[in-house]
Amino acid sequence: MTNHWIDIQHSDCILIQGSNAAENHPISFKWVMRAKEKGAKLIHVDPRFTRTSAKADFYAPLRSGTDIAFLGGMIKYIIDNNKIFHDYVVNYTNAPFLVDAKFGFKDGLFTGYDPDKRGYDKSTWTYQKDANSVILRDETLKNPRCVYQLLKAHYARYDLKKVSSITGTPEKDLKTVYEMYSSTGTKDRAGTVMYALGQTHHTVGVQNIRTLAMIQLLLGNIGVCGGGVNALRGEPNVQGSTDHALLYHYLPGYLSAPRASQQTLESYIKKITPATTEARSVNWQSNYGKYAVSLLKSWYGDAAGKDNEFGYAWVPKAEDGKDYSVMTLFDVMYAGKIKGMTVFGQNPACSIPNSNKVRAAFAKLDWMVHLNIFDNETASFWKGPGMDPAKVKTEVFLLPASASVEKAGSQTNSGRWIQWRYEATKAPGDCIYAGEAVIRIQNKLKELYRKEGGAFPEPILNMTSDGLSDKGGYDAEKVARLINGYFLADVEIGGKQYRKGDCVPSFALLQADGTTSSGNWICAGSFSQDGKNLMQRRGKADPTGLGLYPEWSFAWPVNRRVLYNRASCDPTGKPYNPKRAVLEWKDGKWVGDVPDGAPPPLAAEGGKLPFIMQPNGVGSLFGPGLGDGPFPEHYEPLEGPLAKNLMSPQQNNPAILLYKSDKDMVANADARFPIVMTTYSSTEHWCTGAFTRWQSWLTEAMPQAYVEMSEELAREKGITNGDKVRVESARGKLECVAMVTPRFRPFLVNGKTLHQVGMPYNYGWRFPEDNGDSANLLTPTVGDANAMTPEYKAFMVNVVKV
Amino acid sequence: MADGKSILVDVSRCTGCRGCQVACKQWNGLPGTRTKQTGTYQNPPDFSHQTFKVVRFADGKDKDGKPYWHFFSDMCRHCMNPPCLAGAQGDEMIHDEATGAVVYTEGTSKSDFEMSLSVCPYDIPRQDPDTKVMYKCTMCFDRITSGLPPACVLSCPTGAMVFGERDAMLAEARRRVDILKKTWPKAQALNADDVRVIFIVTDDPLKYHKYAAGV
Amino acid sequence: MRRRQFLKMSCVLGAGVALCGLGVDLVPIEAWAEEIKKIDRLKSARQTTSVCCYCSVGCGLICATDEKTGKIINIEGDPEHPVSEGSLCAKGAGMFQTTEANEHRLTKVLYRAPNSDRWEEKSWDWAIDRIARLMKEERDKSFITRNAAGQVVNRLETLAHMGSSNLDNEECWSITAWARSLGLVYIDHQARV
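Chains as they are written, first to last, in numbering that gives the first Met the number 0: chain Z, 0 to 801; chain A, 0 to 214; chain D, 0 to 192.
It is possible that some hints are incorrect.
List time: in silico DSSO-like cross-link candidates among lysine-lysine, alpha-carbon distance up to 30 angstroms [what the hints assert, rightly or not]: (1) Z:531 with Z:578; (2) A:35 with Z:751; (3) A:131 with Z:37; (4) D:135 with Z:321; (5) Z:588 with Z:531; (6) Z:305 with Z:336; (7) Z:269 with Z:336; (8) D:135 with Z:390; (9) Z:171 with A:109; (10) Z:37 with A:62; (11) Z:723 with Z:662; (12) A:60 with Z:171; (13) D:107 with Z:338; (14) D:121 with Z:336; (15) Z:382 with Z:105; (16) Z:477 with D:70; (17) Z:751 with A:181; (18) D:140 with Z:450; (19) D:70 with D:107; (20) A:60 with Z:37; (21) D:107 with Z:477; (22) D:140 with Z:445; (23) A:60 with Z:716; (24) Z:363 with D:121; (25) D:121 with A:131; (26) D:36 with A:109; (27) Z:338 with Z:445.
Pulled a few chain A residues facing chain Z out of the computed Cβ check, cut under 8 angstroms [stated by the list, open to error]: (28) 37; (29) 60; (30) 145.
These aren't lab readings, by the way, just hints derived from the structure by calculation. On a predicted model such as this, the values are computed, not experimentally measured, just so you know. Glycine included, C-beta positions come from ideal geometry on N, C-alpha and C.
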């Protein structure tokens, strides 16, 4: 979230699209309902009418996988009706930038597409520059090559009729949503966007979210109280686990993971620190070298020095351009190339698309180590449906873990608040912290490599033990300090003395010379210099009156509660909306939230642009950073109902990775599978139900797998409510209970009636006995072109009465 | 006695999250029962001697063909003059003076269950088939007499359930109905004078649940 | 009936109900719960703040732990928490069933040998020895020092790690460091799905 949960109450218009917040983030609705009671309007755009829709002032249906068409239409509406927040767009976005003359878009493709590589040469996705390499601008926004005019031209095709024929949303509903939401493009009104997996779970997931962000920029809704682009993250600490890079492509703190071509630390740092010719840009990423060195110092301690590039050689280098994410991981495993796997607190046998492929892949492992608080379909895969244990060679370890209330440590919520919690009791039996299990394995490996030697022992032997307890075990508080970082020498910075051993109170103090450590720069400041754990704070002071609660826990970065908050002020530093001033430039300093960059506002001497994480200092309406285009474009899902994309001759996202195994069948516009399907979670279960299916209060409320469908489809298929039905895709099938409901309605797409059904992915064969199995038996192995997030939300099935 | 306590249930604020349904089980140590999916979100299907709080889900289509989905967090109304007491043989059913809570004790195994159920307008009392003890919501009598809000009320995220002095709850009910009437002309507080658990609905009560307004 | 009389009777509300099922499928009655009413035990319990383990709103919890037995007896919302203000959804309100009151919790290290049809109980020491040995064997066998282009890559492509966003920050960070020290590149978790 750019903002935070409490901030939702300040919104004048809340657009929930690609989220079912009332069901999946129920407590967010405390703040949504509070906003409504202050007069805000709530819009829900979703393929199905949910508990969120039930509370909305306006609900608009759309066919799964067509958000860009829907939102592209909104961009067109905003531009055509001059609803933009002009001052903001001109000053704080790249709307005035002139784009390279050779850049273009034709037949669904941007310039530079290479069909063999399924990717783009992005050399034309750049800006025109003067002799000093400074980007040319036209602040009148009239130059036909400026971003604003290109944007206008790109979305001119997204008229109401075209959008409606793609999305199945009635034209009048589109217009109502566009009117309601674009009313927030004024100084005194704020609109917020709440989205979740309904946006990300697509082959165009990242571009879906970019479209939302672009709308927010056009309306001046980013950085302001009651605004923002707010990802409702789906797991208790998925913000933190992402921050700490349990991902192949990052190191902690969103530092790109090194690739083979970056053979030296210098070349790596050069790669991760973008340059800018914009003098008014803070370009905070130029500091990334300091954070990388401080990370290496926290990992390797004294073994990391200038003479050995701080141990850079010990960090694995992934192959350039190669994907190692989860679907590729299972594709490679299915091919028999992965021998051992550790799975901690996750249930991929039910959560990863195309479960039949995933489960077959497990059987090719030599061994699997699984850690959890309950058994699940992953740990017990060898006795699952269709498995003959006698034929499964895999050695499996199932390690018992402490539950969250039995642990001390921190977790980070969607609003980036890192909250500390305490051990309420000792865990039962032989349960231990997951952290302790990791440390035990790590310590044992160190012992073996020390005694026996082996392949490249340095990274194992040099990995820090500073986070360990006196007895060599896991110690959450000590690890937390390591993450925060220390001064490793007595230093003076900006006239202030810091002593060796002090905690680093802000990442602004981190150094690239090895005199500081920080296991994750964005968390620097979670301890005070004298070592106080700020994540434990429970202060309720509210100096702005906006519910920022700066003394409750610690929010990264540097306790900032609203990201990009300087964009809430005009170039002189006056809040656009003084009634909800998250920040104000007063008497030569910023007052309110922790400012997003200390420099003065744009118009002041030495003034800087507000988007400090962007090299050019402004929000990107033109986004050349992505792999599938600088403007979001509607493409059909890989497996959809239409033989032809109505928007362009390009059927699917041209940059997606295609898998070719014998389990990866796809059936686009195939009469055998005429029904669009989407998957989701309910309030009463969590993810694959790996925790919640073992809890009787929750299985009582949501006992068994079901498929929701319209009364019209049920009539066509001879199905009545409560019947047992079989749902089948090109990849798998399962049986579940039909829920026939007026909350599902057929769509009119391209002039024809189209049915959509939906099913929760909360179930699995392991427990309770008769609950059903995973909806992911049906889903395709395909994902987003940029993030490789799987397409769980739009694919094709058939449903028949059993 | 003063006017005692009341719970106001404003269904216009309810999102059907069922925090209340589970919080009730948690506090009262009630087991989760085995249920089946029968084509509805509502489960368990009804009250039982092990379920004192059920969120009822009702969907349908409005005149304009658009769907609606009503949530009704059903529970004992703790009537001002509880008819179910007619089934009592002695003092096994308590109508607490201070709070107004209606509480069944283990002695209800001797009560006339059929009588109590048949006279209850809201179809609330249930009986353990083995012990014959009668059960229903207690208004979290142990909590409210110890300064804690009822478990269901504490859990409610949106303010759909509030607990307090009856006078204040009645005033709040009037205020809410006045506001809600502007959007939903059918908004009303159900039988506010007769019950301590006052439901505000925004549509025909029968569209929520057969016994929403009593029979 | 007056309240005092009622409290003396204390049946349906107190131990009687508390015993009729703390968790799943009528969990065996725990000895410590037998005598005293829950409300009285709550008053003398140690209170610990925690955070809900499901979605990312991060709602506050108060866990009540019986001082005598060390067991959690109640988990409810933390009214002081500025985001949740005491409220919890169905999952959060049911957090108690993630504790050891739930008979289905794993409490032993389990091991399934190749081609076996059952779990065996093992000790932590045995499991750690075996896991570390398997990891080392595979790492020593398949470690890649240089790629086809001759670049130094120091990575291992035959082991993979997944999870978890359901662990604490400090645990996630420890796993990140450990996985990189092995040379892993196949690292992923729920953030992508």
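How the hints compare with the structure:
1. Z:531 with Z:578: 35 angstroms, violated
2. A:35 with Z:751: Cα-Cα ~36 angstroms, so violated.
3. A:131 with Z:37: 50 angstroms, violated
4. D:135 with Z:321: Holds, at roughly 25 angstroms.
5. Z:588 with Z:531: The hint holds at about 27 angstroms.
6. Z:305 with Z:336: 37 angstroms, violated
7. Z:269 with Z:336: Status violated; Cα separation ~34 angstroms.
8. D:135 with Z:390: Since the Cα atoms of residue 135 (chain D) and residue 390 (chain Z) sit roughly 26 angstroms apart, the hinted pair holds (cutoff 30 angstroms).
9. Z:171 with A:109: Given that 30 angstroms is the threshold and the Cα spacing comes to 63 angstroms, the pair is violated.
10. Z:37 with A:62: Answer holds: residue 37 (chain Z) to residue 62 (chain A) is near 28 angstroms, not above 30 angstroms.
11. Z:723 with Z:662: 26 angstroms, holds
12. A:60 with Z:171: Holds, at roughly 19 angstroms.
13. D:107 with Z:338: 25 angstroms, holds
14. D:121 with Z:336: With a Cα-Cα distance of about 29 angstroms, the restraint between residue 121 (chain D) and residue 336 (chain Z) holds, given a limit of 30 angstroms.
15. Z:382 with Z:105: 52 angstroms, violated
16. Z:477 with D:70: OK: residue 477 (chain Z) and residue 70 (chain D) at ~26 angstroms, within 30 angstroms.
17. Z:751 with A:181: Given pair residue 751 (chain Z), residue 181 (chain A) is violated - Cα atoms ~39 angstroms apart, limit 30 angstroms.
18. D:140 with Z:450: 17 angstroms, holds
19. D:70 with D:107: Cα-Cα ~19 angstroms, so holds.
20. A:60 with Z:37: Holds, at roughly 28 angstroms.
21. D:107 with Z:477: 27 angstroms, holds
22. D:140 with Z:445: 17 angstroms, holds
23. A:60 with Z:716: 21 angstroms, holds
24. Z:363 with D:121: It holds: about 24 angstroms lies between the C-alpha atoms, which stays within 30 angstroms.
25. D:121 with A:131: Outside the cut-off at roughly 46 angstroms; violated.
26. D:36 with A:109: Distance ~23 angstroms between residue 36 (chain D) and residue 109 (chain A) Cα, so the pair holds.
27. Z:338 with Z:445: 21 angstroms, holds
28. 37: OK, holds: residue 37 (chain A) within 8 angstroms of chain Z, min 5 angstroms.
29. 60: With Cβ-Cβ at 5 angstroms, under 8 angstroms, it holds.
30. 145: 21 angstroms, violated
Going through the hint list in order, the structure does not satisfy hints 1, 2, 3, 6, 7, 9, 15, 17, 25, 30.
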